[in-house]
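For the sequence shown, counting from 1, position 121 maps to 121 in this note's numbering; every step adds exactly one.
Heads up, some of the hints might be wrong.
Pair by pair, the computed Cβ-Cβ distance ranges are [claimed, not checked]: (1) Q145 <-> L41: 26 to 36 Å; (2) S169 <-> A88: 25 to 35 Å; (3) R213 <-> E168: 18 to 28 Å; (4) S169 <-> E234: 52 to 62 Å; (5) E204 <-> D116: 52 to 62 Å; (6) A105 <-> C47: 36 to 46 Å.
When the alpha-carbon atoms are kept at most 35 Å apart in a straight line, the in silico DSBU-like pairs for lysine-lysine are as follows [as the list claims (entries may be wrong)]: (7) K150 <-> K214; (8) K123 <-> K97; (9) K150 <-> K123.
In short, the hints are calculated from the structure, not lab data.
We put the beta carbon where it would ideally sit given N, CA and C, even for glycine.
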Amino acid sequence: MAEKEINMATNKVKQAAKKKAAGKKRNLHTTGLVFWICLILIAAPICVLGWILLSSMMDTGSPVLGNRYEGDLDPAITQDQMTEIETAVGALESVEKASVRMVTATMRVYVDVPDDWGIDATKEKASEVYNTVASVLDPAVYFTQADGRKMYDLEIHVYNLAENREDESFVYVIENKTSSMSEPIASVVSEPLDAELAQRLRDEAAAREEEARKAAEEAAAEEAAAEGEAAEGEASEEGSEEPAEESGEETSEEGSEG
Numbered sequence: 001m002a003e004k005e006i007n008m009a010t011n012k013v014k015q016a017a018k019k020k021a022a023g024k025k026r027n028l029h030t031t032g033l034v035f036w037i038c039l040i041l042i043a044a045p046i047c048v049l050g051w052i053l054l055s056s057m058m059d060t061g062s063p064v065l066g067n068r069y070e071g072d073l074d075p076a077i078t079q080d081q082m083t084e085i086e087t088a089v090g091a092l093e094s095v096e097k098a099s100v101r102m103v104t105a106t107m108r109v110y111v112d113v114p115d116d117w118g119i120d121a122t123k124e125k126a127s128e129v130y131n132t133v134a135s136v137l138d139p140a141v142y143f144t145q146a147d148g149r150k151m152y153d154l155e156i157h158v159y160n161l162a163e164n165r166e167d168e169s170f171v172y173v174i175e176n177k178t179s180s181m182s183e184p185i186a187s188v189v190s191e192p193l194d195a196e197l198a199q200r201l202r203d204e205a206a207a208r209e210e211e212a213r214k215a216a217e218e219a220a221a222e223e224a225a226a227e228g229e230a231a232e233g234e235a236s237e238e239g240s241e242e243p244a245e246e247s248g249e250e251t252s253e254e255g256s257e258g
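With the hints as constraints, model all of the structure from the sequences given.
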């Protein structure tokens with residue numbers, strides 16, 4: 001009987017130990033599961049943020065390109081056509097220099113003419129350049145909207161001074177035709193729209209420059225006068241010290257003679 005009780009007690013102890021071990025395993029499993037879930041929750045946003053930062057760094061300096069003229073500009077102006085226009089315009093009489101550029105669906109023709117040309121001659125040359133361009137590129141095809149399609153704009157820049165554009169003889173004419181215009185329009189951009197206002201502004205600027213010049217001259221004169229006074233003061237001090245030294249020497253000589 002005692003042996004049975006001992007066996008029963010032993011079995012109870014073993015069962016309790018097994019239950020305890022199973023409980024520990026369950027606790028460890030739960031703890032591990034919670035740990036991995038927390039790790040994933042923390043790591044996921046960090047990885048996403050890191051990828052965003054890395055992508056931004058890789059894309060830095062790369063322009064975002066688009067095509068706002070998709071389906072437009074048909075037919076397109078080719079580089080060969082632009083070269084042909086540049087050669088033809090450069091061969092015109094009195095043209096010193098000619099160049100053609102394409103800037104965002106706007107073809108610009110730059111023409112340098114003699115320095116002594118006036119407004120009338122420059123405007124006539126702009127019209128001649130327009131006709132030269134039209135002989136290569138038909139304005140009705142390349143510089144006019146059709147069927148809701150955007151087409152090119154044309155700008156012809158003709159000027160007589162490549163430098164010194166503040167000179168009164170400077171003339172700058174732009175003959176412009178957008179794709180929505182039926183005919184080109186020439187404008188003298190070197191002439192102010194309000195001549196009186198422009199002259200008044202020039203006079204005011206000249207007056208300010210004159211005032212600044214006078215103020216600078218007065219300041220220089222005052223500085224020179226101050227330097228002169230300082231030099232005279234130093235000279236007078238040196239002159240007053242020399243007689244005192246001489247009188248001291250004479251006194252000492254008289255004392256020695258006595």
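Right, here's what the structure says about each hint:
1. Q145 <-> L41: 26 to 36 Å: violated (58 Å)
2. S169 <-> A88: 25 to 35 Å: Check passed, 28 Å falls within 25 to 35 Å.
3. R213 <-> E168: 18 to 28 Å: holds (22 Å)
4. S169 <-> E234: 52 to 62 Å: Because 56 Å falls inside the window, the suggested range holds.
5. E204 <-> D116: 52 to 62 Å: The hint (52 to 62 Å, Cβ to Cβ) is violated, given that E204 and D116 are roughly 30 Å apart.
6. A105 <-> C47: 36 to 46 Å: holds (44 Å)
7. K150 <-> K214: violated (58 Å)
8. K123 <-> K97: Holds, because 16 Å separates the two Cα atoms, which is no more than 35 Å.
9. K150 <-> K123: Roughly 28 Å between the alpha carbons, so the hint for K150 and K123 holds.
In summary, the numbered hints that this structure violates are 1, 5, 7.
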